[in-house]
Amino acid sequence: MTVRKNQANLTADEKRRLVAALIELKRTGRYDSFVTTHNAFILGDTDTGERVGHRSPSFLPWHRRFLLEFERALQSVDASVALPYWDWSADRTTRAALWGPDFLGGTGRSVDGRVTDGPFAASTGNWPISVRVDTRTYLRRSLGVSGRQLPTPAEVESVLAMSTYDMAPWNSASDGFRNHLEGWRGVNLHNRVHVWVGGQMATGVSPNDPVFWLHHAYVDKLWAEWQRRHPASGYLPLAGTPDVVDRGETMKPWNDSTPADLLDHTRHYTFDTA
Amino acid sequence: MTDPTRRRALRGAAGLAVTAGAFTAVSPSRASAADHHHGAPTPAPSPAPFDFDEVYRGRRIQGRPSGGGHHHGAGYAVFVDGVELHVMRNADGTWISVVSHYDPVPNPRAAARAAVEELQGAPLVPFN
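Chains as they are written, first to last, in our numbering: chain A, 1 to 274; chain B, 1 to 128.
If you're looking for bench data, these hints aren't it; they were derived computationally from the structure. Glycine included, each C-beta is placed from N, C-alpha and C at the ideal position. One or more hints might be untrue.
So the derived label-pair ranges between C-beta atoms look like this [unchecked claim]: (1) B:Tyr56 - A:Glu50: 30 to 36 Å; (2) A:Ser80 - B:Arg57: 44 to 50 Å; (3) B:Arg57 - A:Gln149: 25 to 31 Å; (4) A:Ser76 - B:Gly121: 38 to 44 Å; (5) A:Glu249 - B:Arg57: 43 to 49 Å.
Hey, can you work out the whole structure from these sequences and the hints?
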């Protein structure tokens with residue numbers, strides 16, 4: 001059974017294996033197919049039209065499935081690898097071990113945002129940015145440069161306390177847990193982290209930065225925590241909602257599983273802590 | 001930076017409809033021809049934002065109604081040095097673009113300016 005650990009607790013060997021598996025997926029082109037899929041949904045999901053991956057109730061089950069697919073790809077390279085998560089409310093500075101040269105590398109240099117250390121720096125030759133929205137082919141970051149702070153534990157707590165999963169109009173204007181976690185409304189959790197990292201993470205091709213997976217693994221963990229706190233609350237809407245994935249409707253691009261199928265993460269993986 | 005008075009005016013949809021013409025007058029634009037594309041079958045959720053055409057930090061940024069349905073409902077097209085920047089309108093009237101996707105700004109011009117800052121001189125790649 002896969003156990004997803006806090007990135008702060010990974011051993012040196014676990015970091016090495018994860019990095020090697022990421023680079024192998026990149027080399028074979030499989031990594032970039034995930035970037036392409038994500039950007040297609042970023043461009044296609046709209047508040048007034050069909051919406052599946054973002055700005056909708058299925059934001060959480062869609063990314064759970066997306067991460068499962070990615071984790072299985074990693075495990076096809078090295079069966080010992082699991083996706084770690086980044087608790088950005090705890091490891092909230094650029095000095096966190098996450099950004100060390102033995103793991104993801106640090107922020108970008110000021111002149112062009114280019115990441116210059118770590119396994120994903122362009123100079124290694126191992127991490128070309130191929131699926132892109134502009135001509136720059138190197139990984140970029142600007143950690144914290146936006147001036148905003150990462151969410152605090154109190155802010156996370158305030159969102160976990162929301163007992164309703166999601167609400168009409170089921171988009172970026174909604175009240176409820178999903179949209180506050182996604183960040184289009186309220187204290188802003190998930191969106192703000194993308195902005196804090198900067199570089200490709202702030203764009204539609206955000207999975208170009210490997211931290212994308214660690215960020216979403218933590219967003220996914222927060223969903224699991226919310227479920228434990230609100231056992232009487234469940235995924236909404238239940239049925240008959242135009243442009244929105246109801247509880248029992250299949251999700252694109254897989255078309256073979258529904259939000260209902262993805263509610264219980266323990267069928268696929270557990271976390272290191274409850 | 002967006003003039004705060006203008007930003008306030010843009011916030012109300014009703015204010016938008018009244019002031020759109022005034023913006024065209026104060027910010028010279030070649031959009032009058034583009035305005036004729038307004039036969040679009042998709043009804044916009046609120047009035048179209050004002051056109052713009054300016055040089056910002058050395059890049060030409062333009063925005064105008066697109067009239068077509070191929071921009072995922074935005075009904076509005078933004079260009080940086082002639083290459084289209086994919087933009088999207090949120091339900092609350094704010095805007096994002098594919099190069100600044102998680103950080104809404106008040107209008108398409110602010111999205112274009114945010115894109116220019118993010119690009120640091122790099123050309124956009126056409127998105128389709």
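Going through the hints against the structure:
In this structure the supplied range 30 to 36 Å holds for Tyr56 (chain B) paired with Glu50 (chain A), their Cβ-Cβ distance being about 33 Å. The given range of 44 to 50 Å is respected by Ser80 (chain A) and Arg57 (chain B), whose C-beta atoms sit roughly 48 Å from each other. Distance hint check: the CB atoms of Arg57 (chain B) and Gln149 (chain A) are about 27 Å apart, consistent with the given range 25 to 31 Å. The beta-carbon spacing between Ser76 (chain A) and Gly121 (chain B), approximately 39 Å, falls within the hinted interval of 38 to 44 Å.
Against the hinted window of 43 to 49 Å, the Cβ-Cβ separation of Glu249 (chain A) and Arg57 (chain B) comes to about 45 Å, which satisfies the hint.
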